[in-house]
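This is what each chain is made of:
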Amino acid sequence: MHSRRSEFVAGVKAELPILLGVTPFGMIYGVLAMGAGLPVGPAMAMSSIVFAGSAQFVGAQLIRSGTPGMVIVFTTFIVNLRHMLYSASIAPHLAHLSRRWKWLLAYLLTDEAYAVTITHYNQTAADSPNKHWYLLGAGLALWSTWQVSTAVGIFLGAQVPSSWSLDFTLALTFIALVLPVLRDRPSMAAALSAGVIAVLAAGLPYKLGLMVAAIGGIAIGLWVEARQPSSAHRRQRADIQ
Amino acid sequence: MNVWLLLIGMGIVTYAIRLSLIVLIGRVDVPPLIQKALRFVPPAVLSAIIFPELLRPGGALDLSLGNVRLLAGVLAAGVAWRTKNVLLTIAVGMVALWVLQAVIPH
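Protein chains in written order, with our numbering: chain A, -1 to 239; chain B, 11 to 116.
Watch out, some of these pointers could steer you wrong.
Claimed, not checked - What follows is a list of derived Cβ distance ranges for each label pair:
hint, chain 1, residue 1, chain 2, residue 2, range
1, A, 0, B, 94, 38 to 48 Å
2, B, 22, A, 38, 16 to 26 Å
3, B, 95, A, 155, 25 to 35 Å
4, B, 113, A, 102, 41 to 51 Å
5, B, 95, A, 128, 32 to 42 Å
6, A, 65, B, 98, 36 to 46 Å
7, A, 120, B, 112, 18 to 28 Å
To be verified - Below, a sample of chain B positions facing chain A; criterion: calculated Cβ distance under 10 Å:
hint, residue
8, 21
9, 25
10, 36
11, 47
12, 75
13, 76
14, 95
15, 101
16, 104
17, 113
18, 114
19, 115
If you're looking for bench data, these hints aren't it; they were derived computationally from the structure. Just so you know, even glycine gets a beta-carbon here, dropped at the ideal spot from N, CA and C.
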């Protein structure tokens, strides 16, 4: 049942609805990059060399404002630091793979591919030896869509009016991804506290607020989990009483 | 800085972050606390991206009823909670935003 092919196809299928939200976002990046004065070649190449939506947005904006290159690279580092958490989270599932596989899948480890894959890994009790094909399917579906949609944005140029508010699809995509992982009180606490901290810390430079919020939310999630007596404990106590 | 050098710098930094712990965790034992913490990565990071998008749409905190992104986002969250349907969530959220933008002066 869990052949390479079926895992790959399942990954592509899980990613498909996400692509509806990602496509406008890719187009907006293309428009933004043109507005920043990037030539077509580098604007297009950024989508495969960097392949990280929010970092590409910030990068294009910084290029437009004439920010020094080292600062842009440093900002990219900070904006993408959250992927280190993804890297840690997905690592146990990829530990058995060859170096070549790890290097390939790391390249495809975006917000959207990570989110559907980790949800899949956490839901399926049985461990398929081919489950890395799921991440490959999700990652490649996203990668190819990102390339095409940014190219469309580059060639459409400024013809997408900002009153369409297409950038909102990104927030909506993340909303659709996060609600299903809120399965218990500790994860709800983690989500809520991370969100509140992110709003309070939004003024920090280099988008550092995101990282502060993520670590704060994880800590609160752990704390709530530790306070909550596990069901096994509860049963024991009931027996004693 | 040459624009190609800049792209390569941005690319190396991004790739190194994504690869870092995939390679490292295969080699060293992960402390139990970190293992427990990892399951909170998706809810914490995704919410940290979403909340400012909804609550600070113009770059400043806006809790008023005129904040159409907040209203549309909450509605979309309700759809996501009930249906777990990504397409429907995005579609309802976008339509709600357009309708609210047309109805509510801002």
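Checked hints:
1. Restraint check, residue 0(A) to residue 94(B): a C-beta distance of roughly 22 Å breaks the suggested window 38 to 48 Å.
2. Taking 16 to 26 Å as the suggested C-beta distance range, the pair residue 22(B) and residue 38(A) conforms, at roughly 23 Å.
3. Between residue 95(B) and residue 155(A), the C-beta spacing of about 33 Å keeps the proposed range 25 to 35 Å intact.
4. Against the hinted window of 41 to 51 Å, the Cβ-Cβ separation of residue 113(B) and residue 102(A) comes to about 48 Å, which satisfies the hint.
5. Between residue 95(B) and residue 128(A) the CB atoms are about 27 Å apart, so this pair departs from the stated range of 32 to 42 Å.
6. For the hinted restraint 36 to 46 Å between residue 65(A) and residue 98(B), the CB-CB distance of approximately 40 Å keeps it satisfied.
7. The hint said 18 to 28 Å for the Cβ distance between residue 120(A) and residue 112(B), and at roughly 40 Å that hint is violated.
8. Taken as an interface hint, residue 21(B) checks out: its beta carbon lies about 4 Å from the nearest beta carbon of chain A, inside 10 Å.
9. Hint on residue 25(B) holds. Least Cβ distance to chain A is approximately 6 Å, under the 10 Å limit.
10. The closest approach between the C-beta of residue 36(B) and any C-beta of chain A is roughly 4 Å, which is under the 10 Å cut-off, so the hint is satisfied.
11. Below 10 Å, beta-carbon pairs count as interface contacts, and residue 47(B) has one with chain A at about 5 Å; its hint therefore holds.
12. About 18 Å separates the beta-carbon of residue 75(B) from the nearest beta-carbon of chain A, more than 10 Å, and the hint is not met.
13. Interface restraint check: residue 76(B) against chain A, minimum CB-CB distance 15 Å, threshold 10 Å, status violated.
14. Evaluation of the residue 95(B) hint against chain A yields a held restraint, the C-beta minimum of about 8 Å falling below 10 Å.
15. Below 10 Å, beta-carbon pairs count as interface contacts, and residue 101(B) has one with chain A at about 8 Å; its hint therefore holds.
16. Taking 10 Å as the C-beta contact cut-off toward chain A, the hint placing residue 104(B) at the interface holds, the least distance being around 7 Å.
17. Hint status for residue 113(B) relative to chain A: violated, with the closest Cβ pair at about 14 Å, above 10 Å.
18. Interface hint at residue 114(B): violated, since its Cβ lies 13 Å from the closest Cβ of chain A, which is beyond the 10 Å cut-off.
19. For residue 115(B), the suggested interface contact is broken, since its CB lies about 14 Å from the closest CB of chain A, more than 10 Å.
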